[in-house]
Amino acid sequence: MTRRQRPANRLPARQRVEYRIGPFLVHLETPIHRIVELVHWCYAETIVRAPTTTPVQFNVRVERGPLHRRWLRPQATFHLEDVSPFDPFPADHAFALLEWGLNWSIAIRAHQYLLLHAAVLERDGRALLLPATPGSGKSTLAAALALRGWRLLSDEFGLVDPHSREIHPLPRPIPLKNQSIEVIRAFSAQAQFGPVFPRTRKGDVAHLRPPGDSLRRQDEPARPAWIVFPRYRAGSPLRRAAMTQSHTFARLSQNSFNYRLLGATGFEALAHLVQSCRCWRAEYSDLKDMVAAMSQLPTAPQ
Amino acid sequence: MVPLAPGRIELTEAASKRWALVNEASLAWAVWDTDNALFHGETGETHLLSELPALLLQILAAGPRCEASLSAMAAEQCDAVPDGAWQRKIRQVLTELANLELVEPTNRASP
Chain A
1 MTRRQRPANR LPARQRVEYR IGPFLVHLET PIHRIVELVH WCYAETIVRA
51 PTTTPVQFNV RVERGPLHRR WLRPQATFHL EDVSPFDPFP ADHAFALLEW
101 GLNWSIAIRA HQYLLLHAAV LERDGRALLL PATPGSGKST LAAALALRGW
151 RLLSDEFGLV DPHSREIHPL PRPIPLKNQS IEVIRAFSAQ AQFGPVFPRT
201 RKGDVAHLRP PGDSLRRQDE PARPAWIVFP RYRAGSPLRR AAMTQSHTFA
251 RLSQNSFNYR LLGATGFEAL AHLVQSCRCW RAEYSDLKDM VAAMSQLPTA
301 PQ
Chain B
1 MVPLAPGRIE LTEAASKRWA LVNEASLAWA VWDTDNALFH GETGETHLLS
51 ELPALLLQIL AAGPRCEASL SAMAAEQCDA VPDGAWQRKI RQVLTELANL
101 ELVEPTNRAS P
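Protein chains in written order, with our numbering: chain A, 1 to 302; chain B, 1 to 111.
For the record, the hints were derived by calculation from the structure and aren't laboratory data.
Note that beta-carbon positions come from the ideal geometry of N, C-alpha and C, so glycine has one too.
Honestly, I wouldn't trust all of these hints.
Said to hold, decoys possible - Partner residues are not named here, just some residues of chain B that face chain A (Cβ under 8 Å, in silico): (1) PHE39; (2) GLY41; (3) ALA61; (4) THR95; (5) ALA98.
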């Protein structure tokens with residue numbers, strides 16, 4: 001056998017996979033086979049198995065680190081085409097690196113949408129936005145709602161179409177951190193977790209698989225109806241207070257990834273979003289109470 | 001003849017000063033109950049405005065006005081007495097709007 005030949009039962013050195021995440025097509029190439037296994041596990045319903053005419057928005061690679069680090073604490077690097085925006089990660093965190101790399105890719109490229117840093121869930125065609133602030137418990141709450149019958153549109157990005165004014169789905173795994181992993185495991189036996197990545201830059205991280213229904217319905221947008229700024233505070237009773245539309249507008253404009261970049265288009269999209277929603281802030285410590293409260297949100301008069 | 005106090009002279013000169021919107025076409029509004037958001041396309045800035053500055057901008061959207069006329073129209077709409085304190089308040093708001101590059105002094109005529 002020459003060096004170039006490979007036994008028929010061995011996987012190719014580099015693997016390629018294409019999959020849909022909402023309106024985007026991702027082409028991933030990597031020599032790290034474990035990443036591809038996890039992509040298939042997370043995105044089974046949206047793997048592209050036949051040639052498609054849809055253009056690829058994100059050509060990404062996850063590569064092994066430099067040769068001298070192949071054996072001693074091996075590393076992985078993320079690349080969007082020719083750009084490698086992050087320092088190397090430990091190789092066993094490569095899937096988490098891919099997911100964070102895709103977040104970065106969307107944030108710098110997807111300017112056909114007003115991009116809000118928010119989880120989004122849907123019920124009866126109406127979307128609930130949960131804009132993030134650090135420590136707000138956004139992802140934990142989004143995971144709990146997705147496990148109680150809400151359709152997960154996104155954990156990270158509110159993709160607001162400035163023309164249709166609808167919110168587009170971007171269903172991806174929810175990265176839960178530290179205690180939130182056990183909170184959600186205890187919350188629902190239906191929760192399907194990938195491996196725990198210990199001691200990442202954000203602590204221990206495990207990805208909750210997006211529900212199959214969310215993946216299958218990723219072409220169905222939703223009309224915005226509610227905006228709730230959640231805040232987890234240990235020991236706090238559930239408190240919900242209405243927010244003025246101007247205050248909501250101000251907070252969302254600061255929360256957006258590309259509001260300033262979009263100029264008047266972003267302003268009009270955000271103003272319409274706020275106008276069409278009921279807006280609150282909510283503080284809680286009991287996840288079940290908060291989930292129940294979200295199910296009782298009144299809709300805005302149209 | 002009793003000379004006017006310096007402050008009175010300053011107020012009189014200011015009252016004749018004319019103001020205009022910088023470029024109405026570059027402004028986009030979102031109006032809620034008592035608050036307003038204004039996007040200024042030339043600076044790329046978004047401003048949250050309370051009632052009085054929003055009212056002054058809306059009056060100026062119809063065309064340039066002198067400060068005395070603006071003050072009187074705003075007082076009427078706000079049920080305020082257009083006394084010296086009110087005029088100073090109007091001038092302060094106009095100065096702030098000018099600093100935000102939303103209004104500017106002008107020689108253009110009223111509509």
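Structure-based check of each hint:
1. PHE39: Check passed: Cβ of PHE39(B) comes within 4 Å of chain A, closer than 8 Å.
2. GLY41: With a minimum Cβ separation of about 5 Å from chain A (threshold 8 Å), the hint on GLY41(B) holds.
3. ALA61: 17 Å, violated
4. THR95: 23 Å, violated
5. ALA98: Check failed: Cβ of ALA98(B) comes no nearer than 22 Å to chain A, outside 8 Å.
Comparing the model with each numbered hint stated earlier shows that hints 3, 4, 5 do not hold.
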